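Trainee: Given only the sequences and the hints, what does the whole structure look like? Please build it.
One line per chain: the protein sequences are P and U, in this order.
Position 64 of the first sequence, counted from 1, bears residue number 307 in the numbering used here, the numbering being contiguous throughout.
Position 9 of the second sequence, counted from 1, bears residue number 14 in the numbering used here, the numbering being contiguous throughout.
It is possible that some hints are incorrect.
Looking from chain P toward chain U, a few residues come up when the C-beta cut is under 8 Å (computed) [claimed, not checked]:
1. ALA285
2. TYR299
3. ALA305
4. GLY309
5. LEU311
Mimicking BS3-like on lysine-lysine, the simulated pairs with C-alpha atoms at most 30 Å apart in a straight line are [claimed, not checked]:
6. LYS216(U) x LYS108(U)
7. LYS181(U) x LYS102(U)
8. LYS102(U) x LYS186(U)
9. LYS302(P) x LYS186(U)
10. LYS65(U) x LYS216(U)
11. LYS108(U) x LYS302(P)
Chain U stretches covered by chain P per the calculated footprint, using a threshold of three residues with CB under 8 Å from any CB of chain P [said to hold, decoys possible]:
12. 28 to 34
13. 62 to 75
If you're looking for bench data, these hints aren't it; they were derived computationally from the structure.
Just so you know, these numbers come straight off a predicted model, no measurement behind them.
By construction, the Cβ of each residue, glycine as well, lies at the ideal position given by its N, Cα and C atoms.
One-letter residues, chain by chain:
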Amino acid sequence: MNANVKLYWILTVFFLLLSGLYTVWSLLDASHQRVEWVGTIALLLSGLLFLLIGFYLSKVHAAQGGELAEDRLDANIEDGDAEQGHYSPWSWWPIVLAGAASLVFLGVAIGAWIAFIGGGILVVSLVGWTYEYYRGYFAR
Amino acid sequence: MTTAALNRSLGAQSVQRPNTVAVGTIVWLGSEVMFFAGLFAIYFTLKSTSPELWAEQTAKLNVPFATLITIILVLSSVTCQFGVFAAERMQVRRTGKLFDMRKWGMTEWFFLTYSMGAVFVTGQVFEYATLVSEHVSLSSDSYGSAFYITTGFHGLHVAGGLIAFLLVLGRGFAVKNFGHKEATSAIVVSYYWHFVDVVWIGLFLIIYVLK
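Mentor: Below is the structure:
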């Protein structure tokens, strides 16, 4: 994780520098002579993107109290057998949600009435997916 | 005969694994940064191509009102964070009286946050209605397009956050034992909420202060 964090810091500095360089260049360029906003903002916020993830990963790395098994050269497979998080073995809800989103966009393209049907299914699938492991046999 | 030496590496067991949901949310918020980068680029490009139009149309903005709803949205981030603190100590509901905020749980703080976010969106709708009556609309000119696309997409994000708060609140009510999984969903929704809040501070400075 430490290597990842360092890569993100390098990319942050790189994009922030590039944003400044790009702005100065567009000001100095004889055929332009003013700030070219699209590039300046895209580069500046690319820098912020890497800053955000780099900062968060540095906090995560500091909190984990050691290196993960996958970051150690002397680790064995079973060293990484601790709990990884909750993973659904199978679920139909993502497919329902994707279908509902398709209906919404289809409705925007060919007739608003389809979007309303899609919106209804969208709500059902969102609630269904969020509460899949909170009801019935799987209730926590 | 083949043998494989299994040298048990010391210390690997005690490592706290990163929460994949939280890290994934931050990476997704990184992509949201770039989404809003596109919107900021639209705004600044149109502004630089028609400065007279900007001078004329920004005069119609109600800055004190926008400041008021901005303060409400920023304070909602504070109340959201108190809800996260409650979720982190696994406290879903209040232990004291209704107005004893020191003993509030996640549910009370998130309901307050939801109300403040809803006030912000309502304020935005009121602001849009006023501006449309003053002939600033999505299709009126490039200022209208830039204004409504940037603030509108932000408003949709706030509305999406409100739905996410409802789903997290529902989990608090549905679950028998509030645990790390439920606390994680509360925490990642707070990440999203703080992100949307920061984006609004940027939009507010650019649209209402810088003009």
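Trainee: Does each hint fit the structure? Answer for all of them.
Mentor: Evaluation of the provided hints:
At a threshold of 8 Å, the smallest CB-CB gap from ALA285(P) to chain U is about 6 Å, leaving the interface hint in force. Proximity of TYR299(P) to chain U holds as hinted, the smallest CB-CB distance being about 4 Å (cut-off 8 Å). Nearest Cβ of chain U to the Cβ of ALA305(P): about 10 Å, over the 8 Å cut. The hint is violated. Checking GLY309(P) against chain U: minimum C-beta separation of about 4 Å stays under 8 Å; hint holds.
Against a cut-off of 8 Å between C-beta atoms, the interface hint on LEU311(P) holds, since the closest Cβ of chain U lies about 6 Å away. As the CA atoms of LYS216(U) and LYS108(U) are separated by approximately 43 Å, the hinted pair breaks the 30 Å bound. The straight-line distance between the Cα atoms of LYS181(U) and LYS102(U) is roughly 22 Å, inside the 30 Å bound, and the hint therefore holds. For a cut-off of 30 Å, the pair hint linking LYS102(U) to LYS186(U) stands: about 27 Å separates their Cα positions.
At most 30 Å may separate the alpha-carbon atoms for a hinted pair to count; LYS302(P) and LYS186(U) meet this at roughly 20 Å. Straight-line distance between C-alpha atoms of LYS65(U) and LYS216(U) comes to about 11 Å, which keeps the hinted pair within the 30 Å bound. Our distance criterion of 30 Å between C-alpha atoms is met by LYS108(U) and LYS302(P), whose separation comes to about 29 Å. Residues of the stretch 28 to 34 of chain U lying with their CB closer than 8 Å to a CB of chain P number 4, which satisfies the three-residue condition for coverage.
For the stretch 62 to 75 of chain U, the stated coverage by chain P is not satisfied: 0 residues place a CB nearer than 8 Å to a CB of that chain, which falls below the threshold of 3.
Figure legend: structure checked against the earlier numbered hints; hints not met, in rising order: 3, 6, 13.
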